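Let the hints inform the model, and build the full structure from the sequences given.
Spelled out from the first residue to the last, the chains are:
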Amino acid sequence: MLLRKRRHPLVCKQAVALMTEYLENDLSPRDRERFEQHLAGCPHCTEYLAQMRATIAAAGQVEPDDLDPEALDDLVDLFRRWKQQ
Amino acid sequence: MGDPDVELLDALRVGDDAAFATLVGRYHTRMLRLAEAFVPTRAVAEEVVQDTWLGVVKGIHRFEGRSSVKTWLFRILVNRAKATGMREPRNAALDDGDGLDGRFDAGGHWAEPLEPWASIDARLDATEIARRVKECLPKLPDAQRQVLILRDIEGADSAEVCDLLKISATNQRVLLHRARSHVRGMLELELGRG
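So the protein sequences, as listed, match chains A and B.
The numbering of the first sequence is our numbering, which starts it at 1 and goes up by one.
The numbering of the second sequence is our numbering, which starts it at 86 and goes up by one.
It should be emphasised that the hints constitute simulated quantities derived from the structure, not laboratory data.
Given the structure is predicted, the values throughout are model-derived calculations rather than measurements.
Careful: at least some of the hints might be erroneous.
Stated by the list, open to error - Pair ranges (Cβ atoms, derived): (1) B/Glu-200 <-> A/Glu-70: 44 to 52 Å; (2) B/Glu-149 <-> A/Gly-41: 45 to 53 Å; (3) B/Glu-220 <-> A/Pro-29: 20 to 28 Å; (4) B/Gly-140 <-> A/Ala-40: 46 to 54 Å; (5) B/Glu-220 <-> A/Asp-74: 24 to 32 Å; (6) A/Pro-43 <-> B/Leu-139: 51 to 59 Å.
Unchecked claim - Mimicking PhoX-like on lysine-lysine, the simulated pairs with C-alpha atoms at most 25 Å apart in a straight line are: (7) A/Lys-83 <-> B/Lys-155; (8) B/Lys-143 <-> B/Lys-155; (9) B/Lys-155 <-> B/Lys-251; (10) A/Lys-83 <-> B/Lys-143; (11) B/Lys-251 <-> B/Lys-167.
Backbone N, C-alpha and C define an ideal beta-carbon position, used for all residues, glycine too.
As structure tokens, this is what we get:
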């Protein structure tokens, strides 16, 4: 009767490999379900997902460097000279 | 749609110095950060960004408002950075750099429990964690660094990044995954595993 091979549940290594696809909403509904089923029973992968989210949030807070005032002056000078041409 | 930079471009078209200075103030160092992910040195990155600004003022009539001003600036920058010459490819690391080597047992389960980061917020404020992420950037392989900057720091969406870097959606996602895993691994070394 077992004509269709049952899908094995995901193991941690597979779940970790799928984290970005999950966060990007790129998993098929079926794979999404398998992923979420794994997470529901695995505190470590749940923690890993939280760490990925924390990493993304931290990247979102990375500020650009301050602009060197001399560099700004040089560029504005360049702009003025270009206008006069 | 509500792009605050469009007014600046309008002023720039009529030669407004102050508008130019504002635009430079807003984007110069962000463009420098992105350029550094393409070219060999900071000095070359500075040349590329200066060259980009010249391209912007000369080509301002070509801005059609189909993308945001920011995306338009980044597109000019990326094209120039690529034309300038890529960095020397570095030797591929032995592992993926995600800190996951040897972390799983033969069955693919975590060999040891993951050290929770719950204490992160208590130990370090967000600015401090962001500073550490910034320090990780030069350690990433270039393609990963480009995608991470655009997606997670600049907030571009995946379609924009594919278009800017001329890569497929799958490639974009793989690079993003590796970059984030890499940064997570570097943060873990400092924050997690005691």
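Evaluated hints:
no.: 1; hint: B/Glu-200 <-> A/Glu-70: 44 to 52 Å; result: holds, 45 Å
no.: 2; hint: B/Glu-149 <-> A/Gly-41: 45 to 53 Å; result: holds, 52 Å
no.: 3; hint: B/Glu-220 <-> A/Pro-29: 20 to 28 Å; result: violated, 39 Å
no.: 4; hint: B/Gly-140 <-> A/Ala-40: 46 to 54 Å; result: holds, 52 Å
no.: 5; hint: B/Glu-220 <-> A/Asp-74: 24 to 32 Å; result: holds, 28 Å
no.: 6; hint: A/Pro-43 <-> B/Leu-139: 51 to 59 Å; result: holds, 55 Å
no.: 7; hint: A/Lys-83 <-> B/Lys-155; result: holds, 23 Å
no.: 8; hint: B/Lys-143 <-> B/Lys-155; result: holds, 17 Å
no.: 9; hint: B/Lys-155 <-> B/Lys-251; result: holds, 17 Å
no.: 10; hint: A/Lys-83 <-> B/Lys-143; result: holds, 10 Å
no.: 11; hint: B/Lys-251 <-> B/Lys-167; result: holds, 11 Å
Checked against the numbered hints listed earlier, the structure breaks hint 3 alone; every other hint is satisfied.
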